[in-house]
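Engineer: Sequence:
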Amino acid sequence: MSFLDRKNTIAPADFNRWLVPPAALAVHLSIGQIYAYSVFNDPLTKIIGITESAAGDWKLTTVGWVFSIALAMLGASAALFGTWLERVGPRKAMFVSACCFSLGFIISAIGVWMHNLWLFYLGNGVLGGIGLGLGYIGPVSTLMKWFPDKPGMATGLAIMGFGGGAMLASPLSVALINFFSSPTSVGVAETYVALGIFYFIFMMFGVFTIRVPADNWKPKGFTAPAKSKKMVSQNHVSAAQAIKTPQFWLLFWILCLNVTAGIGVLGQASVMIQELFSEVSVGKEAAVSVAAAAGFVGLLSLFNMGGRFFWSSISDKIGRKNTYTIFFILGSLLYFMVPSIGESGNKALFVIGFCVIMSMYGGGFAAIPAYLRDLFGTFQVGAIHGRLLLAWSTAAVLGPVLVNYIRQSQIESGVPAAQAYSVTMYIMAGLLVVGLLCNLLVKPVHEKHHDKTVKQSAESRNPEDETTLSDAYLVVDKVSHGGGRVWLYWLVAIVPLSYGVIMVFAKVFDLFK
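Numbering (our numbering), first residue to last: 1 to 513.
By construction, these hints were calculated from the structure, which means they are not laboratory data. Each hint should be verified, as a subset may be incorrect.
[Unchecked claim] Mimicking PhoX-like on lysine-lysine, the simulated pairs with C-alpha atoms at most 25 angstroms apart in a straight line are:
| # | residue 1 | residue 2 |
| --- | --- | --- |
| 1 | Lys-317 | Lys-220 |
| 2 | Lys-443 | Lys-244 |
| 3 | Lys-443 | Lys-321 |
| 4 | Lys-317 | Lys-218 |
| 5 | Lys-244 | Lys-452 |
| 6 | Lys-452 | Lys-145 |
| 7 | Lys-443 | Lys-145 |
| 8 | Lys-59 | Lys-46 |
| 9 | Lys-220 | Lys-145 |
| 10 | Lys-244 | Lys-317 |
| 11 | Lys-507 | Lys-284 |
| 12 | Lys-145 | Lys-7 |
| 13 | Lys-218 | Lys-7 |
| 14 | Lys-218 | Lys-452 |
| 15 | Lys-317 | Lys-507 |
| 16 | Lys-284 | Lys-145 |
| 17 | Lys-244 | Lys-448 |
| 18 | Lys-145 | Lys-218 |
| 19 | Lys-7 | Lys-220 |
| 20 | Lys-321 | Lys-507 |
| 21 | Lys-145 | Lys-317 |
Since we're looking at a predicted model, the values are computed, not measured.
All chains, please: the whole structure from these sequences, using the hints.
Structural biologist: Okay, here's the thing in structure tokens:
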């Protein structure tokens, strides 16, 4: 299929780069469904019993493994196929991602119909996880090449979609389950088939519209700053060489610790706010109901999504290192204060604190690709990013274990549920302090790691044609090339996202009634 070849995705000279972010958003909004997977947990434990769990039904702990498998495969596939992606281009990678992600739903549907747990794991776990990995890194590295002046903003646009995918997937999945459920079926298998078809079509929009810039392309209307930044390298490091540098491993733990501190809390947000603000703790009027807790989770998802764009854009102004310093200092302070805020019964302050934490959790994902580019250049930044995502897989296991097991041990030892999170919050604060130390140790990559052949190729071009990362200003492209197409492409991506945002706000009102 020559259409998928990289050479056939190179954009013409007059191509409007603002046509590319909607393609990235379409893919990330689709694969972001993984964050809403918990909506299937309850019905998956009632496949035989239909209305309640019966003998032979899957256990919740058994079903929950598909989420961990998917995130583990995300990191593994991104690390394994990152170099291949750089070679074949984003269109082929995104096509394979769409096939794997959608086929994963179909195979899991068959697994549910046959009540075969291994088919279920193979579908949404293994194949779906591979689709996640390829779909995650492909659009990110492409957008950084289209927006060399604002790589943080560019990656934020794409990764914002991944954070917002749950806001689309959650209400859509619930609606489909209710539509397909019957006296003989919980509706999950049918929902999987429908989602597989829907996401394949939506992701193919991204496949057909993605483009890469020509090698000598540069944005119009930009001037290179007279002074380059210390933490922004003009050299390039290969993926194989990058993992030999201390900077790579410092960034590995920076990402891992930031994600660990957020992902465990995100998974227990509903239970946590209900236990901290229960009738016993704060009285009947101030207690948080199940519906209000759902609004809290939705609000966290909204800030998780918005933080990806906000903080990554801020990082273009103040630099990646300063941005992560803010994450770790502010985050550790907020985690340290959470137990006291919970005991005070100040629900509004508690919600605000966690919204800020979740915005930095999302921002950490969005700013890390630009941090990698600052240190290692653009040569194989997608492959390097893929290897670094193993930190996410590590955090996906570490975070929930810390929150769930420490909470359980506290309750079993006689600690009231409302106070069972205090130790966990202090541990999270400590992890962020360690992350701060790692961030402060990050220095420019030593020249011995630079790929001299790539550097010579870059230097063969006019240096004035280059725009650097943090100081160049953004000039909105004229719509003379793209015109109505720009608005149409953005509409395709924004409408599903808007649906998710509206559904979130509908739930948020319950939180502050």
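Engineer: Each of the hints needs a verdict: does it hold here or not?
Structural biologist: Cross-check of the supplied hints:
1. With a C-alpha separation of about 20 angstroms, the suggested pairing of Lys-317 with Lys-220 holds against the 25 angstroms cut-off.
2. This hinted pair checks out: Lys-443 and Lys-244 have alpha carbons roughly 14 angstroms apart, not beyond 25 angstroms.
3. Taking the CA atoms of Lys-443 and Lys-321, the gap is near 10 angstroms; set against the 25 angstroms cutoff, the hint holds.
4. For the proposed pair Lys-317 and Lys-218, the alpha carbon gap of about 20 angstroms is at most 25 angstroms, so the pair holds.
5. Restraint check for Lys-244 and Lys-452: satisfied, since their Cα atoms lie roughly 16 angstroms apart, inside the 25 angstroms limit.
6. Taken as a hint, the Lys-452 and Lys-145 pair is honoured in the structure, with Cα atoms around 20 angstroms apart against an allowance of 25 angstroms.
7. Among the hinted pairs, Lys-443 with Lys-145 is consistent with the structure: their alpha-carbon atoms are about 23 angstroms apart, no more than 25 angstroms.
8. The straight-line distance between the Cα atoms of Lys-59 and Lys-46 is roughly 9 angstroms, inside the 25 angstroms bound, and the hint therefore holds.
9. Taken as a hint, the Lys-220 and Lys-145 pair is honoured in the structure, with Cα atoms around 14 angstroms apart against an allowance of 25 angstroms.
10. Proposed proximity of Lys-244 and Lys-317 is contradicted: the alpha carbons are some 29 angstroms apart, above 25 angstroms.
11. At most 25 angstroms may separate the alpha-carbon atoms for a hinted pair to count; Lys-507 and Lys-284 meet this at roughly 20 angstroms.
12. For the suggested pair Lys-145 and Lys-7, the alpha carbons sit about 16 angstroms apart, so the restraint of at most 25 angstroms is met.
13. At most 25 angstroms may separate the alpha-carbon atoms for a hinted pair to count; Lys-218 and Lys-7 meet this at roughly 18 angstroms.
14. Note on Lys-218 and Lys-452: the hinted pairing holds, with a Cα-Cα distance of about 22 angstroms set against a maximum of 25 angstroms.
15. For the proposed pair Lys-317 and Lys-507, the alpha carbon gap of about 34 angstroms is over 25 angstroms, so the pair is violated.
16. Note on Lys-284 and Lys-145: the hinted pairing is violated, with a Cα-Cα distance of about 54 angstroms set against a maximum of 25 angstroms.
17. Between Lys-244 and Lys-448, the direct Cα distance comes to roughly 11 angstroms. Compliance with the 25 angstroms bound is thereby established for this hinted pair.
18. Proximity of Lys-145 to Lys-218 is assessed by CA-CA distance (about 9 angstroms); at most 25 angstroms being required, the pair is judged to hold.
19. Restraint check for Lys-7 and Lys-220: the C-alpha separation of about 23 angstroms stays at or below 25 angstroms, so the hint holds.
20. Distance hint between Lys-321 and Lys-507 is unfulfilled; the C-alpha atoms sit about 36 angstroms from each other, more than 25 angstroms.
21. Between Lys-145 and Lys-317 the alpha-carbon distance is near 18 angstroms, which keeps this suggested pair within the 25 angstroms criterion.
In the structure shown, a violation is registered for the earlier hints numbered 10, 15, 16, 20, in ascending order.
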